[in-house]
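**Student:** Protein chains in written order, with my numbering: chain A, 1 to 160; chain B, 1 to 159.
Keep in mind the hints are simulated off the structure, nothing from the lab. Nothing here was measured: the structure is a model prediction, and the numbers come from that model. Each hint should be verified, as a subset may be incorrect.
[Said to hold, decoys possible] Per label pair, the in silico range of CB-to-CB distance: (1) A/Glu129 to B/Gln89: 19 to 25 Å; (2) B/Glu141 to A/Leu81: 26 to 32 Å; (3) B/Ser139 to A/Leu81: 20 to 26 Å; (4) A/Glu129 to B/Ser41: 23 to 29 Å.
Where a beta carbon is used, it is the ideal one built from N, C-alpha and C, also for glycine.
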Amino acid sequence: MSTDTSFITRSHEENWLPVLELAVEEVFEIMLGCRVKPVAQAEHPPSSEFTAMIGLAGALCGVITVCCSAKSAGQMATKMLGDAAASQSEVGDALGEICNMIAGNFKNKLAGTDERCMLSVPTVISGEEYSLHSMADGKAVETVLLFENAPVAVRLELQA
Amino acid sequence: MTATAAAKPSPHENWLPTLVLATQEVFEVVLGCKVKQAEPSSEVLKGGFTAIVGLAGALCGVVTVCCAAVTAELMAKGMLGDATVSQRQVVDALGEMCNMIAGNFKNKLAGTDERSMLSVPTVISGGQYSLHSLADGQSVESVLLYEDARVTVRLQLQG
């Protein structure tokens, strides 16, 4: 069995949630200066006014999304860029960059995967009425955390 | 599909002809119709369906296919050969079209194919949303007519 095949087999069995949670916590601490911990999704249903997404390609193929309210996205932008972060575009850039860093940090934690798994470019969707459908048909894990007392959902969906 | 253009990733490359050819071939093979480029228009589609596939590696960016809900439904019917289709089938059909366009485009880039990979398609649907890519490089776009309706195919690359 080749290395790639054994990795793909492993990816179907792996529990990715703790790795994803750690990657998220580290990015929020480093980039936004705050400690976040997972909370129960049922008690804190996340808003999806803003969704940042980034594709994973190669040995691990799928998508990572970060969903939050417009207010939370704005707060992240202010913490990253200062009070000048006022435009919708800057808010989108900030959330996209957070998503990019979470995906990069997650990927770097997977020993042996880093060089065989690559990231695409983040895309940010905003609006009041839309839904997102990933065609990834494999495992999906999600963590919800509180940022400034508002829920932010981070989701990993993998191709089988 | 025939391999034609021989392109290498370059920030100065004109990707549009390759993207248009890749799109036309997919429409012809999958939906059995020849699509032509539409005249430029200032009309902006609000809402509807957008399929996205990420490119990673030597060529890094996103390919998106955007159309009205009724157009996405026509594509699904054309692909499945059914008179009626579910919302899930419409989503899957548009995602698959986007995946094939991105794959065909990638295959036309000699020497890039093995160094560029695709992520999984994602499809956005709704009445009111906007899309913002963080790709800061070249962006090319083609609008094609499928059953007299506009379908926008866009390639946005990282600089």
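**Student:** Determine for every hint whether it applies to the structure shown.
**Tutor:** Now for the hints, and whether the structure bears them out:
1. The hint said 19 to 25 Å for the Cβ distance between glutamate 129 of chain A and glutamine 89 of chain B, and at roughly 21 Å that hint holds.
2. Roughly 29 Å separates the CB atoms of glutamate 141 of chain B and leucine 81 of chain A, a value that falls within the hinted 26 to 32 Å.
3. In this structure the supplied range 20 to 26 Å holds for serine 139 of chain B paired with leucine 81 of chain A, their Cβ-Cβ distance being about 23 Å.
4. With their beta carbons about 24 Å apart, glutamate 129 of chain A and serine 41 of chain B fall inside the hinted range of 23 to 29 Å.
Against the hints set out earlier in the document, no violation occurs for any number.
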